[in-house]
Amino acid sequence: MVERLCDDLVILAGGTIRAAGSRDGLRAQHAGSRYELVSAGDAGWLRTEPGVTVVDFEGGYALFDADGPETAQRVLRTAVERGDVASFAPKHPSLAQIFKEVIQ
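Residue numbers for the sequence shown follow the working numbering, so the first one is 1 and each next one is one higher.
By construction, these hints were calculated from the structure, which means they are not laboratory data. Remember, it's a predicted structure, so these values are computed and weren't measured experimentally. Cβ atoms here follow ideal geometry from the backbone N, Cα and C, with glycine treated the same way. Any given hint could turn out to be false.
Using 25 Å as the maximum straight-line C-alpha spacing, the simulated SDA-like pairs for lysine to any residue come out as follows [stated by the list, open to error]:
hint, residue 1, residue 2
1, Lys91, Thr71
2, Lys100, Val54
3, Lys100, Phe57
4, Lys100, Glu49
5, Lys100, Ala40
6, Lys91, Gly21
7, Lys91, Asp56
8, Lys100, Val10
9, Lys91, Arg23
10, Lys91, Leu76
11, Lys91, Thr78
12, Lys100, Pro90
13, Lys100, Gln73
14, Lys91, Thr16
15, Lys91, Gly60
Pair ranges (Cβ atoms, derived) [as the list claims (entries may be wrong)]:
hint, residue 1, residue 2, range
16, Gly41, Gly14, 24 to 34 Å
17, Glu70, His92, 18 to 28 Å
18, Asp8, Thr48, 41 to 51 Å
19, Glu58, Thr16, 17 to 27 Å
20, Thr16, Gly51, 20 to 30 Å
Throw the hints in and build the complete structure from the sequences for me.
What follows is the structure, encoded as structure tokens:
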């Protein structure tokens, strides 16, 4: 709900401004290299891929961090070679995730 209502945000912690900007601007700043893969087959092979850190995994679903765009592209190519890919996309953090990251 908050994400739909806010145009500009300010995150305060300990009496100081920790982050400020537009919703999209804050998301871009905190995007990182997290990707989501959904495939018909088992995505467990990602656990042994160089440059990949699996954050969440279940069957054909995997949420992972890649050490760079080249690694993400390699993962996509490998996934396509292994079977049907339903979706592959960068995963942008929610405002709640950004808030938790910023106040730590």
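Taking the hints in turn, this is what the structure says about them:
no.: 1; hint: Lys91 to Thr71; in the structure: 15 Å, holds
no.: 2; hint: Lys100 to Val54; in the structure: 20 Å, holds
no.: 3; hint: Lys100 to Phe57; in the structure: 22 Å, holds
no.: 4; hint: Lys100 to Glu49; in the structure: 29 Å, violated
no.: 5; hint: Lys100 to Ala40; in the structure: 33 Å, violated
no.: 6; hint: Lys91 to Gly21; in the structure: 20 Å, holds
no.: 7; hint: Lys91 to Asp56; in the structure: 12 Å, holds
no.: 8; hint: Lys100 to Val10; in the structure: 13 Å, holds
no.: 9; hint: Lys91 to Arg23; in the structure: 15 Å, holds
no.: 10; hint: Lys91 to Leu76; in the structure: 14 Å, holds
no.: 11; hint: Lys91 to Thr78; in the structure: 19 Å, holds
no.: 12; hint: Lys100 to Pro90; in the structure: 20 Å, holds
no.: 13; hint: Lys100 to Gln73; in the structure: 29 Å, violated
no.: 14; hint: Lys91 to Thr16; in the structure: 28 Å, violated
no.: 15; hint: Lys91 to Gly60; in the structure: 16 Å, holds
no.: 16; hint: Gly41 to Gly14: 24 to 34 Å; in the structure: 47 Å, violated
no.: 17; hint: Glu70 to His92: 18 to 28 Å; in the structure: 20 Å, holds
no.: 18; hint: Asp8 to Thr48: 41 to 51 Å; in the structure: 43 Å, holds
no.: 19; hint: Glu58 to Thr16: 17 to 27 Å; in the structure: 39 Å, violated
no.: 20; hint: Thr16 to Gly51: 20 to 30 Å; in the structure: 35 Å, violated
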